[in-house]
Amino acid sequence: MGREVRRVPLDFDWPLNRVWSGYLMPDELREDPCPDCESGWSPHAQHLYDQWYGKAPFDPASTGSTPLRHETPVVRALAERNIQHAPSYYGSGEYAIVREARRLADMWNTQWGHHLCQADVDALVTDGRLMDFTHTWTRETGWRKIEPPVTPTAAAVNEWSIGTLGHDSINAHIVIRARCEREGIDDTCPTCQGHATVETYPGQRAEAEAWERTDPPDGDGWQLWETVSEGSPVSSVFATADELAEWMTLPERAERRLSLDVARRFVADGWAPTFVGVPGIGLLSGEAFIGGFADPAAVPDDASDLTVDGEEPA
Numbered sequence: 004m005g006r007e008v009r010r011v012p013l014d015f016d017w018p019l020n021r022v023w024s025g026y027l028m029p030d031e032l033r034e035d036p037c038p039d040c041e042s043g044w045s046p047h048a049q050h051l052y053d054q055w056y057g058k059a060p061f062d063p064a065s066t067g068s069t070p071l072r073h074e075t076p077v078v079r080a081l082a083e084r085n086i087q088h089a090p091s092y093y094g095s096g097e098y099a100i101v102r103e104a105r106r107l108a109d110m111w112n113t114q115w116g117h118h119l120c121q122a123d124v125d126a127l128v129t130d131g132r133l134m135d136f137t138h139t140w141t142r143e144t145g146w147r148k149i150e151p152p153v154t155p156t157a158a159a160v161n162e163w164s165i166g167t168l169g170h171d172s173i174n175a176h177i178v179i180r181a182r183c184e185r186e187g188i189d190d191t192c193p194t195c196q197g198h199a200t201v202e203t204y205p206g207q208r209a210e211a212e213a214w215e216r217t218d219p220p221d222g223d224g225w226q227l228w229e230t231v232s233e234g235s236p237v238s239s240v241f242a243t244a245d246e247l248a249e250w251m252t253l254p255e256r257a258e259r260r261l262s263l264d265v266a267r268r269f270v271a272d273g274w275a276p277t278f279v280g281v282p283g284i285g286l287l288s289g290e291a292f293i294g295g296f297a298d299p300a301a302v303p304d305d306a307s308d309l310t311v312d313g314e315e316p317a
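Quick note: the sequence shown, position 287, residue 290 per the numbering used here, numbers continuous.
Fair warning: there could be bad hints in the mix.
[What the hints assert, rightly or not] Listed next, with one range per pair, are the computed distances between beta-carbon atoms: (1) Y92 - A244: 46 to 56 Å; (2) E186 - R10: 53 to 63 Å; (3) Y56 - Y92: 17 to 27 Å; (4) G206 - G166: 41 to 51 Å; (5) M134 - P76: 20 to 30 Å; (6) E255 - D189: 39 to 49 Å; (7) A213 - V22: 14 to 24 Å; (8) P152 - A271: 53 to 63 Å.
What the hints contain is simulated information worked out from the structure, not anything from laboratory work. Built from N, CA and C at the ideal position, the CB exists for glycine as well.
Kindly produce the complete structure, drawing on both the sequences and the hints.
In structure tokens form, the structure reads like this:
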């Protein structure tokens, strides 16, 4: 995501800040939402998905898991961390710690994702997940499988899911599909076959898959585009690179104010991220970074010709 320089015809007149039509799939290729599901799951699988995230009633005992309590070590440790980091919000002392631990335990007890059974864990291991348990990692060799193979216990994985970032959506899908397979229940919506959308006419999906985006026409002009969205022009078309660089230094562009020399260097490079964090400077516009810092040898001693979000750098 950022800014890029495009060469377009001098008479190119696509509206500013509107995504180029060639980057957007035509509306006639967009399917209708499935009338019987929201995400392609069968009703049973959707219920399991909601249980995973605590959106549907869940009882830890249903997976043989022990409900968390405020004195559970991992819960207590995270409550203490929260209190330490924000005492003005949570309060302080033992009462605040216990209250926060109870809140955390109550929340996590409603989520299947923190109360897997051993079959759930086995499914994740079979699918090559839970690398923290089944592999070792070093800078020299990367991930190496532990031999003989290791299968973690459900209790260990459940504690890990609370003490770390835990499971991602891929893990959720693997466990849900494995659970449905064990129960002999289809995990896919029969109406849309898992797409969550349905064709409005036969062959629409194939046409959408064959669709390819097209770039704006090439030409002799110089124009600045943003790529935060699919892509749209943010400047007029200029006849020369210098004219575009001069436009980038105008007072009305104070939020990205640049010196002419920095703007010229960016235009010559042709692309920059939206912002870049620079030690000792702060958050710097991508144009300024490319124009002044991309080459370490070009870093000015005082960065006097660069600005940060319209303010002089510290």
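**Study point:** Hint check against the structure, violated hint numbers in rising order
**Key:** 6
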